[in-house]
Amino acid sequence: MAETLSHPMLPHPYVIRQVRKETPDTFTLELEPDDGHHHPAFAPGQFNMLYLFGVGEIPISISGDPTRPLPLVHTTRAVGVVTNAMRALKRGQALGVRGPFGTHWPVEKAEGQDVLIVAGGIGLAPLRPAMYAILAQREKFGKVVLLYGARTPSDILFRRQLEQWRAQFDLEVYVSVDRATGAWRGNVGVVTKLIPKAPFDPRNTVAFVCGPEVMMRFTVAELEKRGVLSRQIFVSMERNMKCGIGWCGHCQFGPAFVCKDGPVFPYTEVKELMTRWEI
Amino acid sequence: METLEPILAEHPFLKGMTPAQLQLLVGCASNVRFDPGQYIFREGEEANQFYIVRQGKVALEIVTPQRGSIIIDTLSNDEVLGWSWLLPPYHWHFNARALELTRAIALDGKCLRNKCESDHDLGYELLKRFVHLIEQRLQATRLQLLDLYGS
Numbered sequence: 000m001a002e003t004l005s006h007p008m009l010p011h012p013y014v015i016r017q018v019r020k021e022t023p024d025t026f027t028l029e030l031e032p033d034d035g036h037h038h039p040a041f042a043p044g045q046f047n048m049l050y051l052f053g054v055g056e057i058p059i060s061i062s063g064d065p066t067r068p069l070p071l072v073h074t075t076r077a078v079g080v081v082t083n084a085m086r087a088l089k090r091g092q093a094l095g096v097r098g099p100f101g102t103h104w105p106v107e108k109a110e111g112q113d114v115l116i117v118a119g120g121i122g123l124a125p126l127r128p129a130m131y132a133i134l135a136q137r138e139k140f141g142k143v144v145l146l147y148g149a150r151t152p153s154d155i156l157f158r159r160q161l162e163q164w165r166a167q168f169d170l171e172v173y174v175s176v177d178r179a180t181g182a183w184r185g186n187v188g189v190v191t192k193l194i195p196k197a198p199f200d201p202r203n204t205v206a207f208v209c210g211p212e213v214m215m216r217f218t219v220a221e222l223e224k225r226g227v228l229s230r231q232i233f234v235s236m237e238r239n240m241k242c243g244i245g246w247c248g249h250c251q252f253g254p255a256f257v258c259k260d261g262p263v264f265p266y267t268e269v270k271e272l273m274t275r276w277e278i
Numbered sequence: 000m001e002t003l004e005p006i007l008a009e010h011p012f013l014k015g016m017t018p019a020q021l022q023l024l025v026g027c028a029s030n031v032r033f034d035p036g037q038y039i040f041r042e043g044e045e046a047n048q049f050y051i052v053r054q055g056k057v058a059l060e061i062v063t064p065q066r067g068s069i070i071i072d073t074l075s076n077d078e079v080l081g082w083s084w085l086l087p088p089y090h091w092h093f094n095a096r097a098l099e100l101t102r103a104i105a106l107d108g109k110c111l112r113n114k115c116e117s118d119h120d121l122g123y124e125l126l127k128r129f130v131h132l133i134e135q136r137l138q139a140t141r142l143q144l145l146d147l148y149g150s
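Protein sequence lines, in the order shown, are assigned to chains A and D. Residue numbering for the first sequence follows numbering that gives the first Met the number 0, starting at 0 and increasing by one per position. Residue numbering for the second sequence follows numbering that gives the first Met the number 0, starting at 0 and increasing by one per position.
If we strip away everything but chain D, and leave its shape as in the complex, we get (with noise of 0.2 angstroms):
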């Protein structure tokens, strides 16, 4: 049977990852699919999973009482939502909505932290992506709180 462990291989965000590391976090996936407006979490749900967006769009969200549901980010092809699961309490801290038909790999985050407790060369690896990946998106985050266009 064909698993997912070549398109985990394939994707930049875990390249380099030993096979033997691959084999554990194929154990963890599972492909998803979410139809244009369905939300794939919402804010203060419980966080037991990550994403690997294949195809699509997805939009992270905050919802306000006076504004109404403001887009921050929105998250497309080969890119990675979510990293609550990462951190107690585990909770998600916005909410993901799928702007259009998105296909991704879901990664059960209680399974992989289990996994990194007991392998930590394998939550060693998986913590040097993610903080990479948390760096990117405060980097980016700083640069949107400039309001570089603003007049």
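Only chain A is shown next, with the shape it has when bound in the complex (with noise of 0.2 angstroms):
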């Protein structure tokens, strides 16, 4: 679990380690305290805010594994200024982190269940710690299922992980990219199309989305159609944060505050909102 913070307002430097591409436009980074700081440990789902100095400040998914927090491991598109400036920073230089904040995927609430994850896109990156800290205690889940969507086969994020994971005898991995090309041998489609299918018991599942809204409602459409109850359904939200603790309000969501409340959020907590508009 998240260790308190005393500062959660000032940055710690860490160091690079590592910068990965992952897909075209994807990246990881594996960071390092710089200062002797001692890393708090995160619960999967979780985030920090990284800032690049005289650039920006954002919040990331943690993606790295909860059971080993260093290297802290964050995997994001490059997409805006200060996303498309850490794409380019090499091995050694510096980055600022806040964090962990906000609430994560209740991976112990599924215990004694079948666990269904459902991610689309980069969606991936955040559920990758509930994937790791359920296969750290793997004897305590039922079935393990993952559903992941992406945009072509190129655009498949931790790739060669989901080749093994698919290998594993007690996982089912399922692949949909939503447009191929003929050497791809693989299912065509968007994601949803993979749940009528998938092994698991409906009422005895818990469920993990995180991808695109829209994505996500038409997910839970299709989980509830399956026998899914809606309890048992968690949606990771994204929102403007800004800073991590609910102070400033840029993340507001209805009543909650995304960074502080949320990312992930039980769907029967949000289910209004999602389909409210300019919320």
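Since the hints were made in silico from the structure, they are not lab data. Check the hints yourself; a few may be wrong.
Covered stretches of chain D (chain A as the covering partner; in silico rule of three or more C-beta atoms under 8 angstroms from a C-beta of chain A) [as the list claims (entries may be wrong)]: (1) 61–70; (2) 73–86; (3) 139–148.
In silico DSS-like links for lysine-lysine, alpha-carbon gap of 27 angstroms or less [what the hints assert, rightly or not]: (4) A:K89 x A:K241; (5) D:K127 x D:K109; (6) A:K196 x D:K127; (7) D:K14 x A:K196; (8) D:K14 x D:K114; (9) D:K127 x D:K14; (10) A:K20 x A:K241; (11) D:K14 x A:K224; (12) A:K241 x A:K270; (13) A:K108 x A:K196; (14) A:K224 x D:K127; (15) A:K196 x A:K270.
Values in this document were obtained by computation on a predicted structure and should not be read as measured data. Here a beta-carbon is modelled for each residue, glycine too, at the ideal position from N, C-alpha and C.
With the hints as a guide, dock the two chains, each given alone in a separate frame, to form the complex.
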């Protein structure tokens, strides 16, 4: 579980151990503390604020193994000024880190039940720590199923790891892409198409869903159609998070602040908000 | 002799049809298999069947001059392939290619069209099922068009 931070607004200097290109537009940073600071443990689904000095600070989900908090691993897509500048960083350069912040995937709630993880695009990054946490105590869960949707085969995140997981006997991994060329032998179609046939017991399943909001809405609809209880579904929301601790209000989402009350929410708490305009 | 009736009766797509209706369908059904890479049908050809995939995987693809063959959907166990047999001019709009060894039940569209014309109850039951299938594919296509995972 995350430790309490004494100065939540103060970034700690970290040094880059590795920058790894994952897909044409996503990359992973591996960081280590540069000031002897002990990095607090994190829970699956939490995020850090990464500060590229002189450029800006952004929230990025932690994508590493919570049982091995260092190096600190973040995976993101290069879409804006800060992430594009981060992609160009080299080993040895510095970043500021605040965190970890936010709520986590309730892995403990899934003990004794099947676990279904549905990820879309970069949404696999914040779910990977949940996979690590589940696999570290695999015997506590029933079936574990990962459904992952990507844009094209070249956009598949953590491809090698997905292949390794798929080769395990105690894990079901299904990948689908939205479009592919003739050489692709896997599934094509939206990730929600995988849900009706995925091998889990809907009445005894906890589902973790992360991806674009529209994808999550359709995923939840398909899960409910299959018989998964709404209260057993958890989603991760994304908003413009700035302070990370619910002070600034940038990430207000109805009555909640995504940085503090989320990013992981029980679906029943955000169900109404997800279809309301301008929230 | 064992017929395909029990298999058709158990299939989710046909579940709930009366024994008499299933008997009519069996008269138009046959077992088929396709090797990996084999085309099940090609764009522009006459559409005289639909298929219930029993085992395997089929790619629906379209060929473009610039980008070659693009797979737009895949279908696997228990899914239904093809509805062009229902609508004039009864031509396929895409290619269907087996990605792996695929076993299916082929239902003869010409045979079915005739039976549906003379038995409107059967026609209505089949149409209800195909409309549901088309709605599902339309929703999925709309999501794909949104290009959700794009930058």
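These are the hints, each one checked on the structure:
Counting residues of the stretch 61–70 of chain D whose CB falls under 8 angstroms from any CB of chain A gives 5; the rule of at least 3 is met. Counting residues of the stretch 73–86 of chain D whose CB lies closer than 8 angstroms to any CB of chain A gives 4, so the stated coverage by that chain holds, three being the minimum. Check on the stretch 139–148 of chain D: 7 of its residues sit with their Cβ under 8 angstroms from a Cβ of chain A, so the three-residue criterion for coverage holds. Annotation: proposed proximity of A:K89 to A:K241 holds, straight-line Cα distance about 25 angstroms (limit 27 angstroms).
Proposed proximity of D:K127 and D:K109 is supported: the alpha carbons are some 19 angstroms apart, at most 27 angstroms. Using a Cα cut-off of 27 angstroms, the hinted pair A:K196 and D:K127 holds, with the two alpha carbons roughly 22 angstroms apart. For a cut-off of 27 angstroms, the pair hint linking D:K14 to A:K196 stands: about 17 angstroms separates their Cα positions. A C-alpha spacing of about 19 angstroms is found between D:K14 and D:K114, which places the hinted pair at or below 27 angstroms, so the restraint holds.
Between D:K127 and D:K14 the alpha-carbon distance is near 12 angstroms, which keeps this suggested pair within the 27 angstroms criterion. Between the alpha carbons of A:K20 and A:K241 the distance comes to roughly 26 angstroms, so the proposed pair stays at or under 27 angstroms and holds. Distance check on the hinted pair: D:K14 and A:K224 sit about 18 angstroms apart at the alpha-carbon level, within 27 angstroms; holds. Only pairs whose Cα atoms come within 27 angstroms are accepted, and A:K241 paired with A:K270 is accepted, the gap being roughly 24 angstroms.
Straight-line distance between C-alpha atoms of A:K108 and A:K196 comes to about 24 angstroms, which keeps the hinted pair within the 27 angstroms bound. Under the criterion of a C-alpha separation no larger than 27 angstroms, the hint pairing A:K224 with D:K127 is consistent with the structure, at around 19 angstroms. At most 27 angstroms may separate the alpha-carbon atoms for a hinted pair to count; A:K196 and A:K270 meet this at roughly 25 angstroms.
Hint compliance for this structure: no hint is broken.
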